[in-house]
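Protein sequence lines, in the order shown, are assigned to chains V and A. Numbering of the first sequence is given in this note's numbering, commencing with residue 1 and proceeding in unit increments. Numbering of the second sequence is given in this note's numbering, commencing with residue 1 and proceeding in unit increments.
Derived by calculation from the structure, the hints in this document are not laboratory data. There may be inaccurate statements among the hints.
Partial chain V-side listing against chain A, Cβ under 10 Å, derived [unchecked claim]:
no. : residue
1   : G52
2   : F64
3   : A69
4   : N70
5   : R76
6   : H84
7   : L101
8   : Q108
9   : K154
10  : L157
11  : I272
12  : H276
13  : L286
14  : G344
Ideal Cβ positions, reconstructed from N, Cα and C, are used throughout, including at glycine.
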Amino acid sequence: MTDAVEIRNAVKRYGNVTALHGVSLTIRDNEFFTLLGPSGCGKTTLLRMIAGFEDVTEGEIRLFGQNIANLEPNHRPVNTVFQHYALFPHMSVIDNVAFGLKMQKVAQDARRKRAAEMLEMVHLSAFADRLPAQLSGGQQQRVALARALAPSPKVLLLDEPLSALDLKLRQAMRVELKQLQEDTGITFIFVTHDQEEALTMSDRIAVMSAGHVQQIGTAQEIYEAPVNRFVADFIGETNLLPVEVLSVRDGRAEVTLPGGHRLQVAAAGQGIGKHHLSIRPERMALTEAGDLQAVVDRVVYLGTDRQVIARLEDGTPLHLRLQNSDRVAVPAPGKRVGLAVEAGAARLLAD
Amino acid sequence: MALRNVRHYPGFLAMTVACLVILYAPLLVVMAYSFNDSTSITNWGGVSLRWYTDVFTGPEAPRFKAAAWNSLTIAVIAATSATAIATAAALAMLRAGGFKGRSLTYALINLPLMVPEIVIAVASLIFFSMVGLTPGYLTILIAHITFCIPFAYLPIAARLQGIDGSFEQAARDLYASRAQSFFLILLPLMMPGVVSGYLLAFIISLDDFIITNFVKGAGMETLPTAIYGSVKQGIKPNIMAISTLMLGVSILFVTLSYLINRKGQKSL
């Protein structure tokens with residue numbers, strides 16, 4: 001099957017500033033694909049290049065095999081949900097939704113019918129004749145979705161569409177968006193800086209930073225097997241411990257932890273020498289002996305779990321999470337504890 | 001100390017009254033005396049509309065009618081041309097990205113606001129005679145279009161600046177051509193600024209005296225130059241009536257311009 005979007009060595013330069021350094025990635029048909037990264041990482045630039053709002057300085061963008069890098073936005077079979085929706089303020093909701101079809105010269109009856117169906121899909125049939133300004137933020141968001149989906153685009157681009165909504169609505173919309181993607185079978189490319197959003201909805205995620213793609217993978221892959229310090233640090237919480245790799249054999253590395261204890265971890269091409277090890281706070285347990293020795297500084301109650309802030313003997317700070325349960329003992333501040341690292345939970349990182 | 005309302009500052013009332021009197025008393029006098037029944041411009045002889053009748057049917061009526069027709073057609077053509085040019089200029093300045101010479105262009109568009117009118121008047125006159133244009137209707141029209149551009153430009157550019165670029169992008173994204181995106185989306189959103197700019201240009205053209213007087217040539221009159229010519233032969237009460245009529249038209253247009261602009265502000 002042909003891939004929905006294939007980006008080959010896309011470079012974007014604004015004068016002397018390079019926003020994208022040769023990005024290559026492939027987005028499959030019918031995939032919910034997320035571009036995740038902090039602001040300024042190039043994710044929105046990449047999305048706008050796919051939409052046609054930005055020129056491609058170098059490289060190729062293929063949509064179902066066709067190079068679209070030089071096509072005007074109105075000749076690309078993709079539609080966008082804008083961050084602030086960009087609903088046309090002088091048109092009614094139904095006219096907004098029907099706009100794309102009108103531009104495609106769909107007959108009036110057919111486009112009214114299709115627009116009405118789209119409004120029904122986003123539960124806004126009752127608001128068809130209102131102006132966008134008369135709707136709430138969440139409703140405007142749905143109109144924007146209906147408008148972008150009405151012309152049945154091959155790919156739907158979403159530019160941080162949830163960022164302007166409040167938390168409850170955002171959480172509800174995540175589920176709806178994912179459902180919508182599955183129902184319509186349209187490839188979604190979703191841009192966000194919110195890692196939780198990315199983890200909950202995406203089939204695959206491309207983590208971006210400073211104009212480079214750092215890692216592409218499923219939510220589980222990028223969370224549990226981050227390839228470098230940036231990804232480990234950006235996705236969720238983690239502990240980055242300085243370690244020394246003593247030997248590498250058959251994809252396994254033997255490392256010395258701070259405090260001298262040795263541990264066998266998976267190696268991903270790292271050589272002998274100093275590296276960083278990522279250990280998620282929830283993947284460690286308190287024990288008597290353990291792989292690491294630490295002193296508890298503080299315990300913070302978070303509801304579902306407790307955050308334990310501790311220090312290793314050499315002063316390296318360390319966080320861990322203990323499930324809020326009667327079966328888990330809570331250490332007192334100042335107490336010396338041993339920490340057992342779950343097998344397979346420690347990742348050796350490229351810098 | 002709590003901030004006091006400006007109304008309670010010492011001398012506020014006196015200053016306000018002084019300003020209002022200096023600004024508006026002459027206008028009020030002209031408006032009031034335009035309804036005077038007397039032929040004297042200083043003695044009150046009771047209320048009457050005789051000078052309004054005189055404007056339309058009196059001995060000077062044909063002259064005023066011709067002048068009014070010139071003023072009106074020049075104002076319509078000048079405002080229309082200036083608005084079209086100013087709209088194009090605003091699009092180039094605000095939607096075309098940072099091109100070379102952008103600041104210079106901005107300065108050139110707005111220069112007529114800064115240059116003393118008499119200088120433009122003299123320069124225009126010299127220019128027209130150098131290129132061999134006989135002073136007349138056409139020279140007035142060209143001069144009016146020129147100095148109306150910055151007045152039309154300001155409200156149009158201010159409006160365009162407030163319109164997020166994502167509306168046009170959304171239109172392009174939804175398969176609209178450049179032209180469709182402009183005519184179906186951007187122009188309707190710009191309309192309050194465009195109308196406001198048009199009305200402002202219209203009224204500036206209608207009211208202009210100095211430049212018009214220099215470039216009009218013999219025998220060609222607009223309303224302001226006709227009034228001036230009439231006043232030179234002595235002030236008659238019909239001048240007050242015609243001034244009041246012009247004031248009414250001005251106030252109407254400025255108010256319309258303001259209201260349309262304000263309504264537009266709310267809709268974005």
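Hints, one by one, checked against the model:
{"no.": "1", "hint": "G52", "in the structure": "7 Å, holds"}
{"no.": "2", "hint": "F64", "in the structure": "17 Å, violated"}
{"no.": "3", "hint": "A69", "in the structure": "16 Å, violated"}
{"no.": "4", "hint": "N70", "in the structure": "15 Å, violated"}
{"no.": "5", "hint": "R76", "in the structure": "8 Å, holds"}
{"no.": "6", "hint": "H84", "in the structure": "7 Å, holds"}
{"no.": "7", "hint": "L101", "in the structure": "9 Å, holds"}
{"no.": "8", "hint": "Q108", "in the structure": "15 Å, violated"}
{"no.": "9", "hint": "K154", "in the structure": "13 Å, violated"}
{"no.": "10", "hint": "L157", "in the structure": "8 Å, holds"}
{"no.": "11", "hint": "I272", "in the structure": "52 Å, violated"}
{"no.": "12", "hint": "H276", "in the structure": "41 Å, violated"}
{"no.": "13", "hint": "L286", "in the structure": "52 Å, violated"}
{"no.": "14", "hint": "G344", "in the structure": "45 Å, violated"}
In terms of the numbered hints stated before, the structure departs from hints 2, 3, 4, 8, 9, 11, 12, 13, 14, listed from lowest to highest.
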